[in-house]
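Enquirer: The primary structure of each chain is shown beneath.
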Amino acid sequence: MAGSPFEPYIESLRQQLEEQDPVFLIGVIVALAVVVITFFLKYFLTSKTVRTSVLLVGLCDSGKTLLFSRLLSGKFKRTQTSITDSSAPYKAKNDRGSTWTLIDLPGHDSLRPQYLEKFKSAARAIVFVVDSAIFQKEVRDVAEFLYVLLTDAVITRNAPALVVACNKQDITMAKSAKLIQQQLEKELNTLRVTRSAALSSQDGSVGGSMYLGKKGKDFEFSQLPMKVEFVECSARGSKGEDGGDADMELLEKALAKL
Amino acid sequence: MLDFFTIFSKGGIVLWCFQGAGVTESFTGPVNALIRSVILQERSGNSSFSHGGLSLKYKLDNEFELIFVVGFQKILTLTYVDKFINDVQLRFRDRYKNELEQKGALKLLNNSFEFENDFKVLLSVAEESSKARGPAGMRTFEQSGKSQKTVKSMIETKGGDKGKEQGGKKNKNAKKEAPAAQPAKGDQDKASASGQKMVENGNQSLTAEEILQKNREEFFRKHRPGASEKPSKSPKPQKPKGKQNRVWNNGGSSTRDLDYSDKNGNGSPNGAEQNLEAQFDPEMQPASMKGDLLSVEYESSDEEEMEEEDEEVVIRETSKPSSKKGGGLFGMLKGLVGSKSLTREDMEPVLEKMKDHLIAKNVAADIASQLCDSVAKKLEGKVMGTFTTVASTVKQALQDSLVQILQPKRRVDILRDVMEAQSQRRPFVITFCGVNGVGKSTNLAKISFWLIENGFTVLIAACDTFRAGAVEQLRTHQRRLNSLHPPEKHGGRPVVQLYEKGYGKDAAGIAMEAIAYARNQAFDVVLVDTAGRMQDNAPLMTALAKLIAVNMPDLVLFVGEALVGNEAVDQLVKFNQALADHSMSDKPRLIDGIVLTKFDTIDDKVGAAISMTYITGQPIVFVGTGQTYNDLRSLNARAVVSALMKA
Chain A
1 MAGSPFEPYI
11 ESLRQQLEEQ
21 DPVFLIGVIV
31 ALAVVVITFF
41 LKYFLTSKTV
51 RTSVLLVGLC
61 DSGKTLLFSR
71 LLSGKFKRTQ
81 TSITDSSAPY
91 KAKNDRGSTW
101 TLIDLPGHDS
111 LRPQYLEKFK
121 SAARAIVFVV
131 DSAIFQKEVR
141 DVAEFLYVLL
151 TDAVITRNAP
161 ALVVACNKQD
171 ITMAKSAKLI
181 QQQLEKELNT
191 LRVTRSAALS
201 SQDGSVGGSM
211 YLGKKGKDFE
221 FSQLPMKVEF
231 VECSARGSKG
241 EDGGDADMEL
251 LEKALAKL
Chain B
1 MLDFFTIFSK
11 GGIVLWCFQG
21 AGVTESFTGP
31 VNALIRSVIL
41 QERSGNSSFS
51 HGGLSLKYKL
61 DNEFELIFVV
71 GFQKILTLTY
81 VDKFINDVQL
91 RFRDRYKNEL
101 EQKGALKLLN
111 NSFEFENDFK
121 VLLSVAEESS
131 KARGPAGMRT
141 FEQSGKSQKT
151 VKSMIETKGG
161 DKGKEQGGKK
171 NKNAKKEAPA
181 AQPAKGDQDK
191 ASASGQKMVE
201 NGNQSLTAEE
211 ILQKNREEFF
221 RKHRPGASEK
231 PSKSPKPQKP
241 KGKQNRVWNN
251 GGSSTRDLDY
261 SDKNGNGSPN
271 GAEQNLEAQF
281 DPEMQPASMK
291 GDLLSVEYES
301 SDEEEMEEED
311 EEVVIRETSK
321 PSSKKGGGLF
331 GMLKGLVGSK
341 SLTREDMEPV
351 LEKMKDHLIA
361 KNVAADIASQ
371 LCDSVAKKLE
381 GKVMGTFTTV
391 ASTVKQALQD
401 SLVQILQPKR
411 RVDILRDVME
421 AQSQRRPFVI
431 TFCGVNGVGK
441 STNLAKISFW
451 LIENGFTVLI
461 AACDTFRAGA
471 VEQLRTHQRR
481 LNSLHPPEKH
491 GGRPVVQLYE
501 KGYGKDAAGI
511 AMEAIAYARN
521 QAFDVVLVDT
531 AGRMQDNAPL
541 MTALAKLIAV
551 NMPDLVLFVG
561 EALVGNEAVD
571 QLVKFNQALA
581 DHSMSDKPRL
591 IDGIVLTKFD
601 TIDDKVGAAI
611 SMTYITGQPI
621 VFVGTGQTYN
631 DLRSLNARAV
641 VSALMKA
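Residue numbers (the UniProt record's numbering), protein chains in the order written: chain A, 1 to 258; chain B, 1 to 647.
Where hints are given, some of them may not hold.
Under the rule of at most 20 Å between Cα atoms (straight-line distance), these lysine to any residue pairs were calculated in the SDA-like manner [what the hints assert, rightly or not]:
| # | chain 1 | residue 1 | chain 2 | residue 2 |
| --- | --- | --- | --- | --- |
| 1 | A | Lys120 | B | Glu420 |
| 2 | A | Lys77 | B | Leu78 |
| 3 | B | Lys83 | B | Lys149 |
| 4 | A | Lys75 | B | Glu128 |
| 5 | A | Lys137 | B | Glu420 |
| 6 | A | Lys75 | B | Gln407 |
| 7 | A | Lys118 | B | Glu420 |
| 8 | A | Lys215 | B | Lys290 |
| 9 | A | Lys118 | B | Gln407 |
Don't read these hints as lab results, they were simulated from the structure. It should be emphasised that the depicted structure is a prediction, and the values quoted were computed from it without experimental measurement.
All chains, please: the whole structure from these sequences, using the hints.
Expert: So this is what it looks like as structure tokens:
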């Protein structure tokens, strides 16, 4: 019964459509389809679910793969130098129980840039693993990698949370997180002077076109647009089987992350 | 007898390991060294590697992304190792197929792979088989291949095969033209195989008359085009295919390559603009080189072109005239959809083409072939995704490995290192070495200009005491640099000074004095210029090695020009060899970095960069792109690789 008042309208609509040129009709339909498809694509591509990975980066031999194994399964596994990335879903131990993908990138200098390129846009947080025991010798390399990370255009745009994990705390000579933070700030201060001098006088520079922190003031991690945190951990633990230390701090950070 | 055996994933997690009885050292170190020097440097062609007293053999499983490594003492020559690794690989794959097929790393972590028993069984089998084979007995004559052959086939005349045919033909002709001389032998000619008599015939064919006949035959053969094509005619079945296009070596595979109008349109305006810019620089603006160097500029808009090239390659492959035309098309379609694992035969043609392409781009020949071997090893057994062709997979893998080779394996930041040396109150010493005429002095001047721009003081040590005018050249550079950066602006002292002791003196001594002088006068950097020398000139190489060993510079830079082709390999190998041989210490100073000069003279034939980095494993620190002070750049690996892979 409800159909009857509509029927004449439908009839007239149908008649009108039939009067129209079929080619015109097809054109209209195609245009509508294109609009709908574009809408869907836009919706799917820019949805928040794209940035759900947590990247484990760091220099070679800093303990990323072992940390990866500890976080996912809690077991101690022997590791070798990675030459490709490994990824696995990780269930955070927070109230909401959110899961993301944990990705372990190789740290070797010749592989680093290409894997970073591949995964940086999907990063929602970056865990930068530092070998605290030999940090003094490697300060400049660590700082350079960190500088490259922080001045990358995609990363500064997305501003993923940065957690600097000072690994290998089980070794007696390991430096504390506070010391590492201070040293890195000093080093990055020097680096940005040498690197950014080129940027102001030349156009079309290579690499990151960002000036870290604020001009005129010494560099501090608090000046960055992203949240930076320094935590201590030990993936190996005291005897090689325990690794309780590894998870505690990081997990709490994971809790705080959105 | 094995020291250890490990199975680990390419992501770095060790799945299973075995350590031989009585072996206490951990194998992590040697295996890491194997990974870093062989796999990451794309030297996977040879599958064995020695580290200390250990010899390591490995096998890549590309389908499941695993690496199998076995280590044993170098002095033992174990013959069963290769086959053993293959057996272990097959057994492991079969047993753990389900776990390995999972894409994520979780299964790898959670499973413990209990492979002990299988391994022990395989090991005992392999050891047994190696012991069981006794010395082989000698074969009797009947068993050998020699008795099967006819004597006629073993006769070697000068022309090889043609000679044999010729011999046959000539004998027949000789029979026709000189029947009277050898009627008996002519009869015997008809019989094809008749042992001794044929030998006699063959021998006697070298009498004077036959020689004349033979020469006449050859003469006629050469001047009769019809007859000469006979032996070199292509096999008959191809005739019905119609006329085959003549293939020119340098003409490319399609007429598209011969059309240079596009290239000129894109290439030269940019080049011309760059040149004009350089000329418009009025006297090298003093502040233009501050900070880090620009990277080498290249048009990087070639992605679309590359896709077109891929399609062309695919189309060309399908349209190649071969008897398996239908099969080829179906195979291509089958390869496009569904997962197909790559085999060597599939990759061969593409790899050949890529190798030729690389060689055409001025990569040294044996390096190109080693690279292609390494890429083949990396891809063997890999499962391709849908809608990817063999060609595109191989191209992508080759591109990735080229970028990987060009990426520096350590941090390259000269300014930071100079600052570090400054804080330690010692000068930073850079030594330039290379063969004659590559541009050492010119690039030394450019680098000192760059350092001055960044606020450092430079001392140039003129250790080229041989070439006429070398010291004067450096003095001229010093004067120009000082006029560009007058001492008044830099605290009253000249930014560049030249330390020279004239000609004919000992270079190593001058260098040592220069460094001491720099330390006293608190110079930041010392640039040591040496004489150019050929790599096989032993006394000069000894002198260079002595200079470097005695003075222990912070950076030894090898200056090589981008125009060099296969010579680059020889130069670098011999230079490194000389430096290693003549140094007294057990950790000799080798070449630490490469300066690639005359980069503006090569268009896109940038292969020399690959050859040099591949041979030494050291990064390219500077790129010289011209002859003025501003023409100094740093290397951009992606741009160079895209220029290399372009068309």
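Enquirer: All hints are to be evaluated individually against the structure, with a verdict given for each.
Expert: Now for the hints, and whether the structure bears them out:
no., hint, verdict
1, A:Lys120 to B:Glu420, "31 Å, violated"
2, A:Lys77 to B:Leu78, "30 Å, violated"
3, B:Lys83 to B:Lys149, "34 Å, violated"
4, A:Lys75 to B:Glu128, "38 Å, violated"
5, A:Lys137 to B:Glu420, "12 Å, holds"
6, A:Lys75 to B:Gln407, "34 Å, violated"
7, A:Lys118 to B:Glu420, "33 Å, violated"
8, A:Lys215 to B:Lys290, "18 Å, holds"
9, A:Lys118 to B:Gln407, "16 Å, holds"
The structure is inconsistent with the numbered hints 1, 2, 3, 4, 6, 7, although it conforms to all the rest.
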